[in-house]
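Trainee: Here's the letter readout for the chains.
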Amino acid sequence: MGSVMPAAQAHIIEKLRRDILSLQGLAKPVRQHDWSRGLGPISQAFPNQYFPTSAVHEFLVATAEEKAASSGFIAGLISSINHIPGVMVWIGTKLQVYPHAYKFFGIDPEKIIFVSLDREKDVLWAVEESLKCEGLSAVVGELRGLSFDVSRRLQLAVEKSHVTGFILNHNTSSINANTCVSRWKISHLPSAVYDDLPGIGFPRWQVDLLKVRNGQPGSWQVEWSASKFRFETRAKTVGISERRKTG
Amino acid sequence: MRKRFVSIWFRYLKTDWFSRRHTHLALVPFVLASPDHGRMVITSMNHWAEAAGACIGMPVADARAIIPGLEVRDDDPAVGKKLLEKIARWCVRYSPVAAVDEPDGILIDATGCAHLWGGEKQYLADIYTRLKSLGYMVRLGMADTIGMAWATARYKKEGVIIEPGQQAIALMDLPLQALRLAPEMAERLYQLGLDKIGEFINMPRSALRRRFGNQIITRLHQALGNEEEFIDPVIPLEPYQERLNCFEPVATRKGIEHALEQLLEKLCGRLSKEGKGIRSCVFTCYRVDNKIQSIGIKTTRAGFTTKHLLKLFENKIEQIEPALGIELFILTADKVEDVLCTQESFWNGTGGLQDKHLSELLDRLTDKFGAEKIARYLPQEHHWPERSFKAASSLDEKPVTTWRNNRRPLQLLARPEKIEVTSIIPDYPPMNFRYKGKLHTIKRADGPERIEQEWWLEKSLHRDYYCVEDEDGRRYWVFRLGHYEDNKKPQWYMHGFFA
Chain F
1 MGSVMPAAQA HIIEKLRRDI LSLQGLAKPV RQHDWSRGLG PISQAFPNQY FPTSAVHEFL
61 VATAEEKAAS SGFIAGLISS INHIPGVMVW IGTKLQVYPH AYKFFGIDPE KIIFVSLDRE
121 KDVLWAVEES LKCEGLSAVV GELRGLSFDV SRRLQLAVEK SHVTGFILNH NTSSINANTC
181 VSRWKISHLP SAVYDDLPGI GFPRWQVDLL KVRNGQPGSW QVEWSASKFR FETRAKTVGI
241 SERRKTG
Chain A
1001 MRKRFVSIWF RYLKTDWFSR RHTHLALVPF VLASPDHGRM VITSMNHWAE AAGACIGMPV
1061 ADARAIIPGL EVRDDDPAVG KKLLEKIARW CVRYSPVAAV DEPDGILIDA TGCAHLWGGE
1121 KQYLADIYTR LKSLGYMVRL GMADTIGMAW ATARYKKEGV IIEPGQQAIA LMDLPLQALR
1181 LAPEMAERLY QLGLDKIGEF INMPRSALRR RFGNQIITRL HQALGNEEEF IDPVIPLEPY
1241 QERLNCFEPV ATRKGIEHAL EQLLEKLCGR LSKEGKGIRS CVFTCYRVDN KIQSIGIKTT
1301 RAGFTTKHLL KLFENKIEQI EPALGIELFI LTADKVEDVL CTQESFWNGT GGLQDKHLSE
1361 LLDRLTDKFG AEKIARYLPQ EHHWPERSFK AASSLDEKPV TTWRNNRRPL QLLARPEKIE
1421 VTSIIPDYPP MNFRYKGKLH TIKRADGPER IEQEWWLEKS LHRDYYCVED EDGRRYWVFR
1481 LGHYEDNKKP QWYMHGFFA
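These protein sequence lines are chains F and A, in that order.
Just so you know, the working numbering puts 165 at position 165 of the first sequence, and the rest follows in order with no gaps.
Just so you know, the working numbering puts 1095 at position 95 of the second sequence, and the rest follows in order with no gaps.
Only chain F is shown next, with the shape it has when bound in the complex (with noise of 0.2 Å):
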């Protein structure tokens, strides 16, 4: 084999390489606006300081107290990262909502429809379906665990849509591989305590980006307040036991 290699064949490379990006969730994003405006340091972690939409992100929750916080922040990052937020879907069994909270958070609650099914089974087939609809802004899913081919299908949903996903996991058990773009877990802070004051303050999470595909894990912690994120401490990207080597 000759170490030059025909400009045909490189040609051919780059594509494939150009495609295997593509597949992973990230191509250029297709709406080009300010990703960064309200993800402060977290946006450092994404590869082209983008926060990939049209592609699906997975959060660990363990306990309902952990998925109020996830919801919480999903929530946050919606509103944070759409001009204006479209209609969302959100998909699981049993739900439990509140509808006015989702106003806090920057979110028409009349904008978000809630689907309650029985069957994690329906719950995929749903969540596949709402991935596969443009001109959503949100589809979140919660299941029971996310296999490698799942994930897959919804990855493949959101290429052609552009909706960004968001799957809350409820099996933190068995991690297994899947084509997510990311990884997260959010859990609570003890509120802020500004000049003493009493009652508890604005909502507080550490949210640790365990992995991202072609981006930097993070840890930070995150306040939610006037309709925006806080940072109060710089981007710690060091010391979670749980960060793997993705990509």
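Hints are not guaranteed to be accurate.
Which chain A residues face chain F? A few, computed with CB under 8 Å, are given here [said to hold, decoys possible]: (1) ARG1188; (2) LYS1196; (3) ILE1217; (4) LEU1365; (5) GLN1380; (6) LEU1412; (7) LYS1443; (8) ARG1444; (9) CYS1467.
In short, the hints are calculated from the structure, not lab data.
C-beta: ideal position from N, C-alpha, C; glycine also.
Given chain F's structure and the hints, the job is docking chain A onto it.
Mentor: Only chain A this time, still in chain F's reference frame:
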């Protein structure tokens, strides 16, 4: 367009129907009778009995005397009309417009139908043989007018099809009863020596009217086609309906799908021209064995996209059992609405609730899981948490009040769950609580926020809500039901989780 009508005359309607159920009666003289002035009188008979000399109005005793072995059954006067209506519904396979023609006939508006059978002759032959195989003896007539078809079926000796425009000639040698005149009128004409229509058809109309009144003129004009006559179809004409007759019965899923697609394309094409869309639609299949099967769909927003509607039907096609085959498909849009012309949004993702893709997605979800599984919520003017929002009835419904922006949990338990708390000072938040076996120490808290039950809706104690945060920063919405009283500890409940 020149109209064509078919008149079907059931000569022995009721007796044929009886013979269908009791086959041995078909082979012997058989009459139906009902009591009249204290004796049994024949009301209908089969052709054996007729041939043997029985006639309507004859007492059963007399008939028994002339016909040995005559079978007699009780008549049910209500059955005739019901039977005709059923047969008229069955006749829908020949034309969308079929009507009952009391007391013993059916009228079919066959305009533009016969060519599907390869001609009028084959059309009538098919009707005749099908009815005969069901056990009904019929005579048929086909003509440009209802009157002429009626007369042809009952009085024409030879040739059941009157060619277009030949009514006047065909009427000539028919008896005057063929004009559907009242019996006394026919009697009067008969007494005057007029027993064929040809004998007075050319008389001056004014003379006829002067002597016999308007009825005879009307009937003549109706038979000749100078005056229009209307029929009242058993199945009301749906304004948005498409039908597909099959030469060969269809028994495969593929075939059914193909038929459905064709019908949808036709219907949607028409609807889109009129600026209307389907909200609800029924697909009906008429089987060879006279069974009818139908499936229906509903949409959240009026639409006329063939592909989408076909997708909605797809899950339901398997409910159709073709058995030996389906010979007629009918697609009816029973609920049609104007399509709102919305401006295309410039940015995807902000199309909002008007987005076509969204309503199509919702149709698919509703179709698979049922409407009760899918909800969009709107605020309601109630403080009681469970009542503070309601499901929206449609995608267009807008909030009439604002969403509450005070502190509320993202996750609300459907039923509050009991918790054990330690609290020292009444009306202060508790120090700690145990929920699902885990002890949470409360570090910070807000409250109480008292929410009273709306006594006009339901009777129960008020709730004092606290937002509490435990040592790990987890936040809960807990409440105490009712007041502290002397020696009674009030019950505490967990009601939600904050983000």
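Trainee: Against this structure, judge whether each hint is valid.
Mentor: Tested hints:
no., hint, verdict
1, ARG1188, "76 Å, violated"
2, LYS1196, "74 Å, violated"
3, ILE1217, "67 Å, violated"
4, LEU1365, "6 Å, holds"
5, GLN1380, "10 Å, violated"
6, LEU1412, "4 Å, holds"
7, LYS1443, "7 Å, holds"
8, ARG1444, "5 Å, holds"
9, CYS1467, "6 Å, holds"
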